[in-house]
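What follows is the residue order along each chain.
There are 2 protein chains.
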Amino acid sequence: MNKDFQVSPEYAFQLDSQDKLASFRDAFIVTDPDLIYLDGNSLGRLSKVAIERAKQVVEEEWGGGLARSWNKGWWESPARVGEKIAGLVGAAAGQVVVSDSTSVNLFKLTMATLALNPQKTRIVTDTMNFPSDLYILQGCVQLLGNRHEIVRIDSKNDGITPDLDALEKAINEDTALVTLSLVLFKSGYLYDMKQITEMAHRKGALVIWDLSHAAGAVSIALDDCNADFAVGCTYKYLNGGPGSPAYLYVNKSIQEKLSSPIWGWWGQDKPFVFGLDYSPAHGAERFLSGAQPLISMLTMEAALEPLLQAGMDSLRAKSILMTDYAIFLTENLLVPFGFSLGSPRDSAQRGSHISIRHPEGYRINRALIDEMNVIPDFREPDNLRLGFTPLYLSFTEIWEGFDRIRRVMEEKRYEKYSAQRLTVT
Amino acid sequence: MNKDFQVSPEYAFQLDSQDKLASFRDAFIVTDPDLIYLDGNSLGRLSKVAIERAKQVVEEEWGGGLARSWNKGWWESPARVGEKIAGLVGAAAGQVVVSDSTSVNLFKLTMATLALNPQKTRIVTDTMNFPSDLYILQGCVQLLGNRHEIVRIDSKNDGITPDLDALEKAINEDTALVTLSLVLFKSGYLYDMKQITEMAHRKGALVIWDLSHAAGAVSIALDDCNADFAVGCTYKYLNGGPGSPAYLYVNKSIQEKLSSPIWGWWGQDKPFVFGLDYSPAHGAERFLSGAQPLISMLTMEAALEPLLQAGMDSLRAKSILMTDYAIFLTENLLVPFGFSLGSPRDSAQRGSHISIRHPEGYRINRALIDEMNVIPDFREPDNLRLGFTPLYLSFTEIWEGFDRIRRVMEEKRYEKYSAQRLTVT
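Protein sequence lines, in the order shown, are assigned to chains F and V. Residue 1243 is where the first sequence starts when you use the numbering used here, and the numbers rise one by one after that. Residue 1243 is where the second sequence starts when you use the numbering used here, and the numbers rise one by one after that.
Do not take every clue at face value.
Stated by the list, open to error - Straight-line distance between alpha carbons at most 25 Å, and here's what the computed DSS-like set of lysine-lysine pairs gives: (1) F:K1314 <-> F:K1326; (2) F:K1436 <-> F:K1398; (3) V:K1314 <-> F:K1290; (4) F:K1658 <-> V:K1314; (5) F:K1297 <-> V:K1262.
I should point out that these hints are in silico values taken from the structure, not numbers from a laboratory.
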């Protein structure tokens, strides 16, 4: 942690003046400069290249090109866009494709993994994982006749970090699959991918990493970690747009052993021969299913460009500085009002968001959105979650955001809001 | 068949002047008025409302509203857009949702159906179905341990119409599922939904209809036919845009008995409680999976408006007139060059496209696209497929399209093209 942080807007300004990524902010649309957007970990901002590309896909490629555009880049897009994402998550060519949603991809890879080792009946995950990922696992177990057991390890007493000893004990010779979110959606804890992958491999288990809260924010080295599988969404730090299609990674060494449970024509070997019997495509493409939403996919493809230009090392360095700074401000401005940190202090164990916990977190979140023009998000039971997107967020905005939270507390503005849960996100 | 058709451009013009839907053409973007687009059955044209909506979703809802837009219509969109499609396929409220691709939806409904009657092991379909649908069925059978048998009935000798006697014989007491495309993608044959559904129900089998080539072009009455399930894409006659998300229909009477194999958080009962255990939503929404591509989905939603305004009865009436006229022109202009009709003559058995067959079909298709500014599409081995979209195609365009095909034949323009297959669509 930087020891020189200071509690002043001038200091934030100084951090901005030293920020080598500051100019990337201009690549984004900011319609309301007063808005402090701390939810880029949920839905990334709209970039200028994304606007332009969406317009081009709709007007030129669909409107003008019509069905001819299938032969001019549409058909290949799941693999092409996959290669761009591969460059952000440390994967060599031929292992990442874009397809469907994270849930559907997790379903496909879980089913493929369990089919590979039908005699192994244990699946290991944690209670801090996305509930959506746990649901998919539960559905797979049901589908396979309830022969499998899902073991969920818990957090340590801090509620922030997973109990790695318990994790190591849970992974045994009967374990087919370990699946975890690389960055936990609530606390922002960042697993050590290499360590956990090796831990699983020692027992003969395969690992599926959910990169949704990690890609575009932390350094990821899938190949170097000898990872087996990964899935992830593209609408958080990858700024792909609402619900933009997800991706999956399958390590080259195991691709040909695996079969998708969904035998889709986009994953067929020769789809335009229109043969009546399925034969899987080679490589990760066998995990493609049906037609993909091209406007959403190609808009997302364009949105990757600023990230690729900035480079993950620079993004990660700025992200760490931002979350360190945010923790400093939490301690200096918000702890006096009853907040506590719900995220790791060690930046090596932290993604690009932090949770700050307060018993009135829900009402504080409502006050921030409704009258302070700050957008964090709230996660039960008491987490105000603050996302710091290194590509377009400034330190001045972080300062201003914390100062507005402080004002909400000082002026008790949250008291007029009901604690009745209303929002859907 | 109208007996008064005449072989002249003036007659086509006369048909246009009597066309009550003619003004809907103005609702679409036509960048190249010389282009004869006969592939709207593959990718529908871009409408003006779709352009506007895409722009609004990107710039206002994503760019301006950011994550707040989830609470302003995004989250509910799969159900809301489903209701609009329901209005085009004869379904009362609460039975249609938009989600994923047709392939993934067919997978979900097939798995749910087979789980409902595990003792029944027969699946009946036909060899003229989309190969993509057959692949999904094959994958389901493999996933369930190859306990099921897929029986594919063939066409009659004409290669155009299915052998309904064979179909009836194939459906026995052991049949769990009958699944067919309502309109066959090659010949355009239109099944009688009520007849086949009753045929299956008499033996205790359930039916999944693939409406991809039918919705927006033929009259469909899912509820009146007592249909069990349907799936379909939205990028053909529904003009939703390339790869726009698909939909599924589940009859209200069986919804609560069924479980999706993919336990997705969008199909969860209370997703924002973030509970660790899955509990399915009520109704068709339990078949939702993960996040949907909002730009593609909301653009598609807007594209439905002109169809809803025109009304399916008017669209179907014009569609029949168009395909009757196209068959008349085939007989008068193209049969002399060796073409034969690959589609039913009886309009009651026909969707909104026809296939015209010629041994040189592949090369003729290439000549039409490359030098005649006509876009049909080609389906192996010899089908030149011509789609007639009642919402925006004019009779003059149909005339002009056939006249250009005639010129390709008369001038033997196809001879300079290789018969080597190149295109991907």
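To see whether the hints hold, each was checked on the structure:
Of the supplied pair hints, the one linking K1314 of chain F and K1326 of chain F holds, its CA atoms being roughly 18 Å apart against a limit of 25 Å. Distance restraint check for K1436 of chain F and K1398 of chain F: the Cα-Cα separation of roughly 21 Å lies within the 25 Å cut-off, and the hinted pair is therefore satisfied. With a CA separation close to 23 Å, the supplied pair K1314 of chain V and K1290 of chain F stays within the 25 Å bound. The suggested pairing of K1658 of chain F with K1314 of chain V holds, with an alpha-carbon distance near 23 Å, which does not exceed 25 Å.
Taking the CA atoms of K1297 of chain F and K1262 of chain V, the gap is near 32 Å; set against the 25 Å cutoff, the hint is violated.
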